[in-house]
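Based on the hints, put chain U in the right spot on chain X.
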Amino acid sequence: MARSVTTNRKHANTVLAWGVGLLIFFPILWTILTSFKTEAQAIASPPVFLNFDWTLENYAIVQERSDYMRFLWNSVIIAGGSTLLGVIIAVPAAWSMAFVPSKRTKDILLWMLSTKMLPAVGVLYPIYLIFIRLGLLDSRVGLVIVIMLINLPIIVWMLYTYFREIPGEILEAARMDGATLREEILYVLTPMAIPGIASTILLNIILAWNEAFWTLNLTAARAAPLTAFIASYSSPEGLFYAKLSAASTMAIAPILILGWFSQKQLVRGLTFGAVK
Amino acid sequence: MATQHSRSAARFMMAPAVILLLGWMLVPLTMTLWFSFKKYLPLRGGDLGWVGFDNYVRFVSSSSFWPAVQATLVIVLGVLVVTVCLGVLLAILLDQPMWGQGVVRILVIAPFFVMPTVSALVWKNMFMDPVNGLFAHLWKAFGAEPISWLSEASLFSIILIVSWQWLPFATLILLTAIQSLDSEQLEAAEMDGAPVLKRFWYIILPHLSRAITVVVLIQTIFLLSIFAEIFVTTQGSFGTRTLTYLIYQRVLESQNVGLGSAGGVYAIILANIVAIFLMRIVGRNLDA
Chain X
1 MARSVTTNRK HANTVLAWGV GLLIFFPILW TILTSFKTEA QAIASPPVFL NFDWTLENYA
61 IVQERSDYMR FLWNSVIIAG GSTLLGVIIA VPAAWSMAFV PSKRTKDILL WMLSTKMLPA
121 VGVLYPIYLI FIRLGLLDSR VGLVIVIMLI NLPIIVWMLY TYFREIPGEI LEAARMDGAT
181 LREEILYVLT PMAIPGIAST ILLNIILAWN EAFWTLNLTA ARAAPLTAFI ASYSSPEGLF
241 YAKLSAASTM AIAPILILGW FSQKQLVRGL TFGAVK
Chain U
1 MATQHSRSAA RFMMAPAVIL LLGWMLVPLT MTLWFSFKKY LPLRGGDLGW VGFDNYVRFV
61 SSSSFWPAVQ ATLVIVLGVL VVTVCLGVLL AILLDQPMWG QGVVRILVIA PFFVMPTVSA
121 LVWKNMFMDP VNGLFAHLWK AFGAEPISWL SEASLFSIIL IVSWQWLPFA TLILLTAIQS
181 LDSEQLEAAE MDGAPVLKRF WYIILPHLSR AITVVVLIQT IFLLSIFAEI FVTTQGSFGT
241 RTLTYLIYQR VLESQNVGLG SAGGVYAIIL ANIVAIFLMR IVGRNLDA
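First to last, the sequence lines map onto chains X and U. If you read the first sequence in the UniProt record's numbering, its first letter stands for residue 1, the second for the next number, and so on. If you read the second sequence in the UniProt record's numbering, its first letter stands for residue 1, the second for the next number, and so on.
Derived by calculation from the structure, the hints in this document are not laboratory data. In this text the structure is predicted, and so the values were computed from the model without any measurement. For each residue, glycine too, the CB sits at the ideal point set by N, CA and C. Mixed in with the good hints, there may be bad ones.
Capping the alpha-carbon separation at 30 Å, the derived lysine-lysine pairs in BS3-like fashion look like this [what the hints assert, rightly or not]:
1. K264/X <-> K116/X
2. K116/X <-> K103/X
3. K106/X <-> K264/X
4. K38/U <-> K116/X
5. K198/U <-> K10/X
6. K39/U <-> K116/X
7. K264/X <-> K10/X
8. K116/X <-> K106/X
These stretches of chain X come out as covered by chain U in the derived footprint (C-beta under 8 Å, 3 or more residues) [what the hints assert, rightly or not]:
9. 242-253
10. 257-263
Isolated chain X, as found in the complex (with noise of 0.2 Å):
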């Protein structure tokens, strides 16, 4: 009896959880579905759901009127080369901290994360006025710049936390055998430590694609990322439902998919540790 009563709750349970959590992703699906309706069919009354005449043409007409590829790459370039040169300049930081600790390690750590809660809006003008001195603006290479800067704290105290649960004995086991820093770097800690950065790498190009701060008023016409480029949407002409569906799921479909692969380091990457 006690086996029908737990298999019972497992069915309410089951069947709560699903309504719920197709509750919170239906905007997501109505999305999806609407960029497969003809314009007249997004705003049909009453909505239709499944039963409509499947198409491809907001796809074509996205890229055939504004060029979605440009916006595309320079999501890519910007999302991808920030976290890249990121982590290159990250990695020793984290690896010194985590394997030559000193008395100041914690202070410094906290410092970084501290230049991350530093508020855009407040050196919005700085900012964008050195852009304008040194030309960057609207380029990708400045919101290369920045968005890695304000990663960097995730990205180093991420790899710091991996790093930290290498076993020291390993790293001495090499420094006992003779190997040199370099060697114990390249053939010791790099193989241990790949799982580590490559999660480290997959939250932070989410986090870069997704962040519309700086990426929309630091870009206009040449460097706009996929976040500028939807925004442009918000001040349409005609009928434009099925148009903007079909843009923001091809915006959203990469990092969703990401983001799946992601969600442990989400924790771990957004809560510098605090929750375990």
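Just chain U now, with coordinates in the frame of chain X:
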């Protein structure tokens, strides 16, 4: 243990990250402070000299300051209440045995990965539009007059959009915390006949208190600076002009850099007050 050699190597390896972040923090911050004491109008005469604390006084005494504070507080508190309450319930639900748990988790987490401009525009047009939005259809189906959400219930609408984006974050962190709860304790309480509400109140909630604090602090820091969601929906009209948006308008739209910078300094101070509490918790964990 560490040799002198490895110590200096360590310092050398840390240098790039430290120097970059130091520059990233100090240079713009100094400039903001500098501008905040000046009358600086790039399009109308440029640098018009030092004005002392004039900008600071004018920023808080302008007629748009208190409404902005109010809008900020309503949005931040609203989103916090919605995400934490629903997050706790969802985390408990997702922790129960069920079929397809992995898929449900994916469904629940998905909104977090949607870029802010997309989620704001999708909600604005396809759900909240008073003519073609799904809510309008729903309201009409029940014979009610459709609401034009973003002008008539603007703050509520922004809270709804932002909560949808942040609920996954709260849920995921609270779920992680719940999973570390010792299930024997709960089972013992259940055997002793403690009712569900009591088990929740005396065992689950205290266990979650630290995770909830962390969620509140981290979200507050991010929520204080939400921008894109307002930029593409109301542009700060209908009472949705937050402090962040007000500063943005002062600096870039009306190009009153001195005044905007003073506002920026206020925002930085505000964020730092929240950050101090967060740092304490993080720092304590670092020792453990």
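Here is how each hint holds up against the structure:
1. K264/X <-> K116/X: Holds. K264/X to K116/X sits at ~21 Å (cutoff 30 Å).
2. K116/X <-> K103/X: 22 Å, holds
3. K106/X <-> K264/X: 24 Å, holds
4. K38/U <-> K116/X: OK: K38/U and K116/X at ~27 Å, within 30 Å.
5. K198/U <-> K10/X: 22 Å, holds
6. K39/U <-> K116/X: 29 Å, holds
7. K264/X <-> K10/X: 25 Å, holds
8. K116/X <-> K106/X: 16 Å, holds
9. 242-253: That given contact holds, which follows from 5 residues of the stretch 242-253 of chain X lying within Cβ reach (below 8 Å) of chain U.
10. 257-263: holds (count 4)
Going through the hint list in order, the structure satisfies each hint without exception.
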